[in-house]
Structure formats: structure tokens, C-alpha cells
Amino acid sequence: MKKLTELMNRYPQFQMLDIGTGVGNFIMTVQQLTDDYQKIVGIDYSERMIELARKNFAEDKRIEFTLMDVNDSMFDDETFDIVSLSNSLHHLSDIKKTLEEMRRLVKPEGVILIHEMISDGLNDKQISHKLLHHFSAEIDRELGMIHNDTYKRDEIIQIINEHSNLSIDSFWPVIPETLESATDEEVEGILQLVDRLVSRAKSSDKFDHFLSKAEDIKKYILEHGYEGCTQMIYVLKK
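Numbered per the working numbering, the sequence shown spans residues 11 to 248.
Hints are supplied without guarantee of correctness; some may be wrong.
Unchecked claim - Simulated pairs of lysine-lysine, DSSO-like, Cα-Cα distance not exceeding 30 Å:
no. : residue 1 : residue 2
1   : K117      : K248
2   : K216      : K229
3   : K13       : K135
4   : K247      : K117
5   : K140      : K71
6   : K162      : K65
7   : K216      : K49
8   : K12       : K65
9   : K162      : K12
10  : K106      : K248
Unchecked claim - Cβ pair distances, simulated, as ranges:
no. : residue 1 : residue 2 : range
11  : D104      : T15       : 12 to 20 Å
12  : K212      : D45       : 15 to 23 Å
13  : R206      : K13       : 35 to 43 Å
14  : D215      : L43       : 24 to 32 Å
15  : N19       : E233      : 16 to 24 Å
16  : E198      : T44       : 22 to 30 Å
17  : E172      : E198      : 36 to 44 Å
18  : T44       : H173      : 41 to 49 Å
19  : W182      : I156      : 25 to 33 Å
20  : D134      : H157      : 19 to 27 Å
21  : E88       : M38       : 32 to 40 Å
22  : D130      : E233      : 15 to 23 Å
23  : D104      : R58       : 37 to 45 Å
24  : K71       : D164      : 25 to 33 Å
Rather than coming from a laboratory, the hints here were simulated on the basis of the structure.
Just so we're clear, the structure is a prediction, and the values are computed from it rather than from any experiment.
Every residue gets a Cβ at the ideal spot worked out from N, C-alpha and C, and that includes glycine.
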């Protein structure tokens, strides 16, 4: 995370917007890297996610969360030093519109951060994570939600170039200081998660397909183990 820390240090007392914040995972990462921020706003269209995020950061009054779709935001032009989209690119219904809105909201000398897990260049254990995530996405789509499979690292570059007039300043993989495999207990929890995912599709005509696929995924995880997928950070500028 050294590169991300160095980038944020260029913006003392920065104001940041985190789009598709969920429970605030990326904000938590930022909070661990620096305390030199004036204000961080997390937005999400899920009321449940916003409720959980507010509980997670209740002690820091500089961090606030708002129920909002970024494409309908009411923020003024060029409000934020940093605008981030973390592990949400593959959830977007209109990539072009969202990137345009991010461009509108960032200050002229500010940066846009795309933080996204990728689906290529993975080891066998990381493929377990990809299989699980893509399985969850397939079930979500069956239930009418927007949840695409994750992209390859070069596909993300292509998406940015095709859907925006933003320039890619730099990009790099996020490499933890220690890459730890899941413990036996954690693997058991992941297998239970697969079963819970299947149960969400019990009313679907494709339930048997999901049931069979779930068994294949569990076998793969038991054989190869489990690690989180590699994630990339792309730094974009106007």
C-alpha cells in the first residue's frame, strides 16, 4: 500500500468521495493509511449497506455516509480531491455515465481511483475466490441484479479508454505484506457460504444447474485451498 499512501500524501486535508462504498471497506483502508483528511463521504444505493457503514465509522465525525446513486448525485462540480470506486466497476449499470460523473466531481488537480479485483494472472488458490465470486454474480443476475463477472487487468484499461476521456496516470497491483491462505476453519466457512448462495436460487428454473456448479466449486476449493484475488488500483486524471 506504499504507493497509495504516497499518492494520498500529495493531498493534505483532502476531501474524498467513495462510490459504491458498501460497508466502507475501502474507506477503512484509507483510514489505516492516513489520518490527514478533512472529509470522506461514502455513498451507496443500498440502505442496508449505508446503515452498516455508519455503525462501522460512528466514532469519526469526518466520515459520513449517504444513501445515493452516483448518477443522481447533487454534489457541486469539482468538489473532491479524490473520487474512488472500489470493487464496484463490475456492478455498474452505465459505466460511461458513472465515469463522466466521477470526472465532474473531482477537482482539476485531483485523482480518480479505480480499485478492482481482477480475474487473470491468479494462482490456483486465488481461482477459488474467482469461482466463488463469479458464482455469486451469476445467481445475482438470475435474480435480476446487476453483477457482472470481474474483469481482466487489461480489460479494465480498455473499459476506461472506451467509456471516458480520462487519462490513466498509473496503475499497480495491490500486494499484501503477507499473503495468507485461508485456514481450515475459514475454508469451512467459505463452503457454507457456497451453500447459502445456492439457497438464494431455490425458486429459479436453473436451480439444478446452480446446485451442480456449487458442488464443483466446493470440490475445487477443498483441493486447492483459498486466497483472495489480486486487486489493481488505477489512477485516473482529467
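Structure-based check of all given hints:
1. At roughly 9 Å between alpha-carbon atoms, K117 and K248 fall within 30 Å of each other, so this suggested pair holds.
2. A threshold of 30 Å between alpha carbons decides the hint, and for K216 with K229 the separation of about 20 Å falls inside it, so the pair holds.
3. Annotation: proposed proximity of K13 to K135 holds, straight-line Cα distance about 26 Å (limit 30 Å).
4. Between K247 and K117, the direct Cα distance comes to roughly 10 Å. Compliance with the 30 Å bound is thereby established for this hinted pair.
5. In summary, the hint linking K140 to K71 is not supported, as the alpha carbons are separated by about 36 Å, beyond the 30 Å threshold.
6. With a C-alpha separation of about 34 Å, the suggested pair K162 and K65 falls outside the 30 Å cut-off, and the hint is violated.
7. In summary, the hint linking K216 to K49 is not supported, as the alpha carbons are separated by about 46 Å, beyond the 30 Å threshold.
8. Restraint check: the Cα-Cα separation between K12 and K65 comes to about 28 Å, which is no more than 30 Å; the hinted pair holds.
9. Restraint check for K162 and K12: the C-alpha separation of about 23 Å stays at or below 30 Å, so the hint holds.
10. A hinted pair counts as satisfied when its Cα atoms are at most 30 Å apart, and K106 with K248 qualifies at roughly 15 Å.
11. Between D104 and T15 the C-beta distance comes to about 32 Å, which lies outside the given range of 12 to 20 Å.
12. At about 46 Å, the beta-carbon gap between K212 and D45 misses the expected band of 15 to 23 Å.
13. Distance hint for R206 and K13: a CB-CB separation of about 36 Å, consistent with the stated range 35 to 43 Å.
14. At roughly 47 Å, the beta-carbon separation of D215 and L43 lies outside the given 24 to 32 Å, and the hint is violated.
15. Between N19 and E233 the C-beta distance comes to about 43 Å, which lies outside the given range of 16 to 24 Å.
16. Checked against the given bound of 22 to 30 Å, the beta carbons of E198 and T44, roughly 36 Å apart, lie outside it.
17. A hinted range of 36 to 44 Å holds for the C-beta pair E172 and E198, which are about 42 Å apart.
18. Between T44 and H173 the beta carbons are some 30 Å apart, a value that contradicts the proposed interval 41 to 49 Å.
19. The given range of 25 to 33 Å is respected by W182 and I156, whose C-beta atoms sit roughly 28 Å from each other.
20. Separated by about 24 Å at the C-beta atoms, D134 and H157 satisfy the suggested range of 19 to 27 Å.
21. Separation of E88 from M38 is about 26 Å and departs from the stated range, judged on CB atoms against 32 to 40 Å.
22. In this structure the hint that D130 and E233 lie 15 to 23 Å apart at CB holds, the actual value being about 21 Å.
23. Checked against the given bound of 37 to 45 Å, the beta carbons of D104 and R58, roughly 23 Å apart, lie outside it.
24. Hint check: K71 to D164, Cβ distance near 41 Å, so the stated range 25 to 33 Å is violated.
Consistency with the previously given hints fails for numbers 5, 6, 7, 11, 12, 14, 15, 16, 18, 21, 23, 24, ordered from lowest to highest.
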